[in-house]
Amino acid sequence: MIHSLFLINNSGDIFLEKHWKSVISRSVCDYFFEAQEKAGEPDNVPPVIRTPHHYLINIYREKIFFVSVIQTEVPPLFVIEFLHRVAEMFQDYFGECSEVTIKDNLVIVYELLEEMLDNGFPLATESNILKEMIKPPTILRSMVNTITGSSNLGATLPTGQLSTIPWRRADVKYTNNEAYFDVVEEIDAILDKSGTTVFAEIQGVIDACVKLSGMPDLTLSFMNPRLLDDVSFHPCVRFKRWESERVLSFIPPDGNFRLMSYHVNAQNLVAIPVYVKQNISFFESGSSGRLDITVGPKQTMGKTVECVLVTIHMPKVVLSANLTATQGTYTYDPVTKILVWDIGKLNQQKLPNLKGSLSLQSGAPKPEENPSLNIDLKIQQLAISGLKVNRLDMYVEKYKPFKGVKYVTKAGKFQVRT
Amino acid sequence: MTTMQKLLQLPVNAVNIVKTVQGVAHGQEEARSPVLTPDGGQQNWYSAVQPEELRHLRTASVFGSSGGVGGGEGGDDKGSGEEGISSAQTQPLRHDDLKEMLDSNKDSLKLEAMKRIVAMIARGKNASDLFPAVVKNVACKNIEVKKLVYVYLVRYAEEQQDLALLSISTFQRGLKDPNQLIRASALRVLSSIRVTIIVPIMMLAIKEAASDMSPYVRKTAAHAIPKLYSLDPEQKDQLIEVIEKLLADKTTLVAGSVVMAFEEVCPERIDLIHKNYRKLCNLLIDVEEWGQVVIINMLTRYARTQFLNPNINESLLEEGGEKAFYGSDDEDDDDEEKKAEAAALAKRKPYVMDPDHRLLLRNTKPLLQSRNAAVVMAVAQLYFHLAPKAEVGVIAKALVRLMRSHSEVQYVVLQNVATMTIKRRGMFEPYLKSFYIRSTDPTQIKILKLEVLTNLANETNISTILREFQTYIKSMDKDFVAATIQAIGRCATNIGEVRDTCLNGLVQLLSNRDELVVAESVVVIKKLLQMQPEQHSDIIKHMAKLTDNIQVPMARASILWLIGEYCEHVPKIAPDVLRKMAKSFTNEEDIVKLQILNLAAKLYLTNSKQTKLLTQYVLNLAKYDQNYDIRDRARFIRQLIVPTDKSGALSKYAKKLFLALKPAPVLESPFKDRDHFQLGSLSHLLNAKAGGYQELPDWPESAPDPSVRNVEVPEWTKCTSRKERKEKKVEKPFYSDSEGESGPTESADSESDTGSGSESGSEESGSGSESEESEEESESEEEEEDEEDERTKKKKKIEKSKPKKPESAESDQSSGEEQKRNRKVVKERRSGSESESEEESESESSESESESEEESESDTDIKKKKKAAPSKPPPKQTKKESKKETKEMSLLDLDDFDPTPSPQVTPVNNFLSSSLVADLEGLSLTDTVLAPTTIAPSSSVRMYELLHRITGEGLAVEYCFSRQPFSPDPHMVAVQIQFTNNTSSESKSLHIEDPKLQSGMRIKEFPEIELLPAGESVNVVMGIDFCDSTQAANFQLCTHTRKFFVSIQPPVGELMVPAFLTENEFKKEQETLLHGQLMGMNEISEKLNLGEKCQSDHAIVERVTAKANLSRVPCGSEKENSPPLPPPPVSSPVSRFAGKTVSSGSLVLVTVARKEGGGAQLTVNCEKMVIGTMLVKDILQALTQ
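Chains E and R, in that order, give the protein sequences. Every letter in the first sequence is one number past the one before it in this note's numbering, and letter 259, counting from 1, is 259. Every letter in the second sequence is one number past the one before it in this note's numbering, and letter 518, counting from 1, is 936.
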């Protein structure tokens, strides 16, 4: 299975290596660097690279390449999924997964990696179990540690590994018992030049933050579960109950976790919350172009559209942009050729508009394709699919928890072709 | 001292041992090893250092300025040959400093030192010279130090084998610790130390751990197996024994790890799986996700060796008849195909899927919902490789979902989807748009999506796809544009209808400014033109003109080839092109030069007058070319085409050689035939065999003996019963409810479908067979009981196998399932209450009995008689009976088949029938035709088992929902309970205790029964407020001697009471419910096909009222106002039923609208969503059978 792991930053430094079997020289990474150079963009590095004696399976997360070395046949997704799990674990432990935090917590990282794999085969990947064995660093704890010389390792044995519900740690106690559920929906859409929807769908997740004492058994039901077309669950969810009753019944892990992801029934028409009027043109002569974009609210169900952000990947020949925005600010990065227009809240009365000229590299032929616009947005207190949580019931435990549900709609991969 | 700390205690003199070993055993090593020398020498020096100085050392090094200390120590390092430790960062001074800290007796110093050492390891710096100093601390009491020492030990033990041995005794002691976690941890580290000398120790440790009591230790043992194997492959045979043993393990914890070990050590020993196959299938859902992946992949291979190809009939026709596969009529097609097959190959037996094969498919299906992409992929590949064609479709949705994940996941999934789309295009067609490309996708993803889109293209969707492609062509990403052009080319070759459109489009691209685009188009056009050159001479002319502009060699070569090949179509232009090319010959790329030669040769053969000189010239130029290929080609062509006296016989055939008709190239997907690699595997992704890849075997010609999977006692009985059932064809596939099942389940053959719709047909049989079926039931019941007896011996096994049986021929499926599931929940909360699962199965079987009772009263009577008198059953039954008796005589208790004494049930029935019929008669204006006896749902009052007489130690308790109002509290459901005392002694003070209820639920207990004499029965009524949920009410039933945990679970239909509405009221209420605050959320409608037996109006009424406690709404006038014919209800297409939920009084409105040809529409309106949904399911079921 997984033989070794190398963490490599963007500039090509190997800043961490871990071997689960015998040691493999870090020179194996040269093959990776070669592929990286060939690919150019980090996104284009093939996830699986073949070398004479090994296979390198890598992922790119938070500007770090996680390169694992494999010697024999293994499902590539197995490794990829595991590497992402590692990255998520770092995020969970240190708040962010970056080179700096990893370097700062090198020992904890190492201990984590040691526990997560045994001889290359995943051992403990549930954060609840790992946290029982290795405490995440907090400012307070690190201060106490420096003073008293105590450690981050739990003094008790990690009994969670023995339990039948390995995702939940034992003996959870809170004074305030709370359970929060965030229903986050993302609209993936492709709109064509005229604003017609080429493709649109809604993908949603329910992220939970459950801080409940003991072993609560929760049941979450929806007003309209039939909206959900395709679902995937955290292992804690009892699938059979979902199959028959369409309720989520589960003993939750402690802390934050993703309860379910879902896809909304394709038959339902997707409401597109904004419309975009755009006119981008490049002139054959004079090496210049014009840009005129207006964004307005469309089907917003009476809510305000916030955090609207338009990102445009300009053709290489665009040197600079001289624009005026009636609302928000715009920036153009001449190196990456990315134009970002940060609009903020959409105003029904005064539609935000960005207008002006683009100057192109002189002599170069005008670009054939107009760049497409990527739109980000956010609507609070609305699940665009109409999904509603009906109720949350708790069994087994006696206390009354505080329960909260929040709805957010965001733009996922929302693209307007021009 | 915590238990963990015990783990690593070295003997007190461990440190001394280290020293001795250094001194004695490794004298040689020391001489060589620069690492050890200073250490040995420093031992004394360090002991002189005062603690204060130590602290100083530490702080100094923490701040990275070890200079001051270094000055004092410099002498020790002179000539110590540090060059072995490569990098400049390895500062010997700091290492000495670390050693010092490790030797101190302060844990905090040790910890600090270890942390820095581990950080060094993490950064890839060599810390091997610290080995002796570190290994001493294996005895440290501080857990974190110890853990870090482990990390160090495992990393460097291989390099310092002898020193590593010092730690072994510690681990050996750990292996004997009473705490399982310590044993496991000791084994884990011990097996991770790659030192060959300890192989025997490891072997011993693994063997012992494999029979450890703790599953966690056994899991660790399974993990250790591949470690030992890689260290010493000689141990394989012994390890296989251990694997065999661990494979038999019944815990989910071990399953994944041992299969992993199996895959690494002996994947070829497929025979080891037989006995564990069913267990693995059943445990699968509870295994941790990584284990699931490994098990599923292994089982895929296993299934390929053991079962027959489910698509065996289709596979012969696969080449031709693929297209219409997912069309609406595919079922018929398949059937026809099958028939044709059967006719043609009369020898071949009709395919029947092995029940074990079905078991695997069914138990893996829920895992498609896993959050882990690897698990989803594993299931997808399993379905792709193993499932019958008609069922593979389920994986598409899950795979499309994975496309939302990280781009690496997308990449792998798309690779697999690309392979799948070649074989099973229809599966992904509905998801076409999910493969549309965004400009922000990475290029490698774009190209894969393009591949999938191309594979999915067919006559119907090609126009949409081409429109998409048009957008892509304008992309800034030129690699992607090139790939798009190729994709267009492939679409054009595959789909004749659009060939011209594509060609025109591509020709337009020839005027594109981007040379790459033009070049790619030329190449593709060349391939397309080869298919029908006659019609396209103008395109060829156009392309000839392009030679002036296009510089891309491949494109130039393509054009030249085209002109040469079709020179008769462009007789005027061709020589001219050659002339131009001759001019620029020397500056061309090699491939172009070769094509120029080619063109010259062809022109010479067809038009030698005009081109003779030119050809000579070109050949002469080529003669002196630098590239020998070109020189060779020139020589070869000259000999062949220019006639000389010496020219051989071949020159006669020059025309034939050069101007032969060439077949058009087939533009193929690079993913074609990749599916001979197991999908989802590394080998598949690379399209090359990776090390350790296990070939996916071909299906066997004939199935190997399925009995090898049979496991002793309990499963075996099941197996026979299953076979019997299969013969009789009474079983049918049911929707996968796999959890907790074990052993083979009923077979579902190739006709099976996942939906419940398919069930409609199979149950259709005359009353005769109906009763036969119920005998089956009673028989399975009997077996059930046998097992229950056995339970006393083998509790565990049976518990797992239990729920399966009664369902197999179960007609009341969904409610049964529901019940089961609910109980499961209950079970999860309550530990080890066996009585539950038992009564569950019992109640289900009794349910199915009463289901058939509905059919007709007389039927029931017959059945009851039969049941009552098992001594004179029909011959068939005797045969079976006797068969069983020979096996399990001692366990069989015929008393069990005594029917519940009828007088006790009848009162309820009588009461009910009279009251309900009266109600219905009074309200219904037109239903007069319905005989009161038939409409009465009396016969449908089912008895549910609350306590079986065996578990109840002679006390049998049954209950039914009497449907009477519960007078003390109208919000409660009345439950009639019947106690039967089967013992010889009397039973006293029967009462309820300790109800455990969901929030809001209430129980009104029945008055205590003071005395129940032997052999007597008594009926009591209790009330339960279920709060309109189907959650079970749990309580304890107490006698004077014992307590029994029992639970009552209401079918959803019993949670309501009839409400009497007129049709107009009904419609009004429906309207308000529909357009109320919830906007249609509380209406559920389903289309269904009525079963043959419920085509008539009254059958519908009967079935619905049997299922749910509702009353029929009398038919209004508007539909049948014209002729008040005698049997109007028969013509009335709409039946309405109304009721209210017991607790909250919410209206429940049911409408069944019949349509032409046995179809119907069922609509349920209810504010309570859950109730509505469940009710729909139940009624649907009742009506379709």
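Be a bit skeptical, because a hint or two may be false.
Unchecked claim - Cross-link-like lysine-lysine pairs, in silico, DSSO-like; alpha carbons within 27 Å at most:
{"hint": "1", "chain 1": "R", "residue 1": "524", "chain 2": "E", "residue 2": "398"}
{"hint": "2", "chain 1": "R", "residue 1": "1558", "chain 2": "E", "residue 2": "277"}
{"hint": "3", "chain 1": "R", "residue 1": "1486", "chain 2": "E", "residue 2": "193"}
{"hint": "4", "chain 1": "R", "residue 1": "945", "chain 2": "E", "residue 2": "316"}
{"hint": "5", "chain 1": "E", "residue 1": "350", "chain 2": "E", "residue 2": "193"}
{"hint": "6", "chain 1": "R", "residue 1": "1027", "chain 2": "E", "residue 2": "173"}
{"hint": "7", "chain 1": "E", "residue 1": "350", "chain 2": "E", "residue 2": "316"}
{"hint": "8", "chain 1": "E", "residue 1": "135", "chain 2": "R", "residue 2": "945"}
{"hint": "9", "chain 1": "R", "residue 1": "1461", "chain 2": "R", "residue 2": "1485"}
{"hint": "10", "chain 1": "E", "residue 1": "398", "chain 2": "R", "residue 2": "851"}
{"hint": "11", "chain 1": "E", "residue 1": "400", "chain 2": "R", "residue 2": "1414"}
{"hint": "12", "chain 1": "R", "residue 1": "815", "chain 2": "R", "residue 2": "963"}
{"hint": "13", "chain 1": "E", "residue 1": "388", "chain 2": "E", "residue 2": "193"}
{"hint": "14", "chain 1": "E", "residue 1": "135", "chain 2": "E", "residue 2": "298"}
{"hint": "15", "chain 1": "R", "residue 1": "1107", "chain 2": "R", "residue 2": "1080"}
{"hint": "16", "chain 1": "R", "residue 1": "543", "chain 2": "E", "residue 2": "103"}
{"hint": "17", "chain 1": "E", "residue 1": "366", "chain 2": "E", "residue 2": "410"}
{"hint": "18", "chain 1": "R", "residue 1": "543", "chain 2": "E", "residue 2": "63"}
{"hint": "19", "chain 1": "E", "residue 1": "388", "chain 2": "R", "residue 2": "1107"}
{"hint": "20", "chain 1": "E", "residue 1": "193", "chain 2": "R", "residue 2": "892"}
{"hint": "21", "chain 1": "R", "residue 1": "1505", "chain 2": "R", "residue 2": "1422"}
{"hint": "22", "chain 1": "E", "residue 1": "413", "chain 2": "R", "residue 2": "815"}
{"hint": "23", "chain 1": "R", "residue 1": "1422", "chain 2": "E", "residue 2": "400"}
{"hint": "24", "chain 1": "E", "residue 1": "337", "chain 2": "E", "residue 2": "211"}
{"hint": "25", "chain 1": "R", "residue 1": "815", "chain 2": "R", "residue 2": "892"}
{"hint": "26", "chain 1": "R", "residue 1": "963", "chain 2": "E", "residue 2": "366"}
{"hint": "27", "chain 1": "R", "residue 1": "892", "chain 2": "R", "residue 2": "1001"}
What the hints assert, rightly or not - Chain R residues, not near chain E, derived (Cβ > 12 Å throughout):
{"hint": "28", "residue": "577"}
{"hint": "29", "residue": "685"}
{"hint": "30", "residue": "706"}
{"hint": "31", "residue": "723"}
{"hint": "32", "residue": "799"}
{"hint": "33", "residue": "824"}
{"hint": "34", "residue": "829"}
{"hint": "35", "residue": "858"}
{"hint": "36", "residue": "859"}
{"hint": "37", "residue": "932"}
{"hint": "38", "residue": "989"}
{"hint": "39", "residue": "1107"}
{"hint": "40", "residue": "1513"}
Keep in mind the hints are simulated off the structure, nothing from the lab. Glycine residues also receive a C-beta, built at the ideal position from the N, C-alpha and C atoms.
We went through each hint and held it up to the structure:
1. A distance of roughly 47 Å separates the Cα atoms of residue 524(R) and residue 398(E); the hinted pair therefore is violated under the 27 Å criterion.
2. Restraint check for residue 1558(R) and residue 277(E): the C-alpha separation of about 54 Å exceeds 27 Å, so the hint is violated.
3. In summary, the hint linking residue 1486(R) to residue 193(E) is not supported, as the alpha carbons are separated by about 48 Å, beyond the 27 Å threshold.
4. Taking the CA atoms of residue 945(R) and residue 316(E), the gap is about 33 Å. The hint is violated against a cut of 27 Å.
5. Of the supplied pair hints, the one linking residue 350(E) and residue 193(E) holds, its CA atoms being roughly 23 Å apart against a limit of 27 Å.
6. Restraint check: the Cα-Cα separation between residue 1027(R) and residue 173(E) comes to about 100 Å, which exceeds 27 Å; the hinted pair is violated.
7. The suggested pairing of residue 350(E) with residue 316(E) is violated, with an alpha-carbon distance near 33 Å, which exceeds 27 Å.
8. Taking the CA atoms of residue 135(E) and residue 945(R), the gap is about 64 Å. The hint is violated against a cut of 27 Å.
9. With a C-alpha separation of about 50 Å, the suggested pair residue 1461(R) and residue 1485(R) falls outside the 27 Å cut-off, and the hint is violated.
10. Restraint check for residue 398(E) and residue 851(R): not satisfied, since their Cα atoms lie roughly 49 Å apart, outside the 27 Å limit.
11. Proposed proximity of residue 400(E) and residue 1414(R) is supported: the alpha carbons are some 18 Å apart, at most 27 Å.
12. For the proposed pair residue 815(R) and residue 963(R), the alpha carbon gap of about 49 Å is over 27 Å, so the pair is violated.
13. The suggested pairing of residue 388(E) with residue 193(E) is violated, with an alpha-carbon distance near 33 Å, which exceeds 27 Å.
14. Distance restraint check for residue 135(E) and residue 298(E): the Cα-Cα separation of roughly 48 Å exceeds the 27 Å cut-off, and the hinted pair is therefore not satisfied.
15. Taken as a hint, the residue 1107(R) and residue 1080(R) pair is broken in the structure, with Cα atoms around 34 Å apart against an allowance of 27 Å.
16. Restraint check for residue 543(R) and residue 103(E): the C-alpha separation of about 14 Å stays at or below 27 Å, so the hint holds.
17. Between residue 366(E) and residue 410(E), the direct Cα distance comes to roughly 34 Å. Violation of the 27 Å bound is thereby established for this hinted pair.
18. Between the alpha carbons of residue 543(R) and residue 63(E) the distance comes to roughly 23 Å, so the proposed pair stays at or under 27 Å and holds.
19. For the hint pairing residue 388(E) with residue 1107(R), the CA-to-CA distance comes to about 49 Å; that exceeds 27 Å, so the pair is violated.
20. Proposed proximity of residue 193(E) and residue 892(R) is supported: the alpha carbons are some 13 Å apart, at most 27 Å.
21. With a C-alpha separation of about 40 Å, the suggested pairing of residue 1505(R) with residue 1422(R) is violated against the 27 Å cut-off.
22. A distance of roughly 19 Å separates the Cα atoms of residue 413(E) and residue 815(R); the hinted pair therefore holds under the 27 Å criterion.
23. Taken as a hint, the residue 1422(R) and residue 400(E) pair is honoured in the structure, with Cα atoms around 26 Å apart against an allowance of 27 Å.
24. Restraint check for residue 337(E) and residue 211(E): the C-alpha separation of about 45 Å exceeds 27 Å, so the hint is violated.
25. Restraint check for residue 815(R) and residue 892(R): the C-alpha separation of about 30 Å exceeds 27 Å, so the hint is violated.
26. With a C-alpha separation of about 25 Å, the suggested pairing of residue 963(R) with residue 366(E) holds against the 27 Å cut-off.
27. A distance of roughly 35 Å separates the Cα atoms of residue 892(R) and residue 1001(R); the hinted pair therefore is violated under the 27 Å criterion.
28. Non-interface status of residue 577(R) relative to chain E is broken: a Cβ of that chain comes within 12 Å, the nearest being about 9 Å off.
29. Listed as outside the interface, residue 685(R) is inconsistent with that label: its C-beta sits roughly 10 Å from the nearest C-beta of chain E, within the 12 Å cut-off.
30. Some Cβ of chain E comes within 12 Å of the Cβ of residue 706(R); the nearest lies about 7 Å off, and the non-interface call is violated.
31. Distance check on residue 723(R): its Cβ is at least 18 Å (rounded) from any Cβ of chain E, clearing the 12 Å threshold; non-interface status holds.
32. The beta carbon of residue 799(R) sits about 9 Å from the closest Cβ of chain E, which is not more than 12 Å, so the claim that it is off the interface is violated.
33. Not every C-beta of chain E lies more than 12 Å from that of residue 824(R), the closest at about 6 Å, which undercuts listing it as non-interface.
34. Its closest Cβ contact with chain E, about 5 Å, brings residue 829(R) to no more than 12 Å, contrary to its assignment away from the interface.
35. Some Cβ of chain E comes within 12 Å of the Cβ of residue 858(R); the nearest lies about 6 Å off, and the non-interface call is violated.
36. Its beta-carbon lying about 9 Å from the closest one in chain E, residue 859(R) breaks the requirement of being farther than 12 Å from that chain.
37. With a cut of 12 Å on Cβ distances, residue 932(R) falls inside the contact zone with chain E, its closest approach being about 8 Å.
38. Listed as a non-interface residue, residue 989(R) keeps its Cβ farther than 12 Å from every Cβ of chain E; the least gap is roughly 37 Å.
39. The claim that residue 1107(R) is not at the interface with chain E is violated, since a C-beta of that chain comes within 12 Å of its own (minimum 8 Å).
40. At roughly 28 Å, the least C-beta separation between residue 1513(R) and chain E is larger than 12 Å, which holds for a residue marked as non-interface.
Going down the numbered hints, you'll see the structure goes against 1, 2, 3, 4, 6, 7, 8, 9, 10, 12, 13, 14, 15, 17, 19, 21, 24, 25, 27, 28, 29, 30, 32, 33, 34, 35, 36, 37 and 39, while the others check out.
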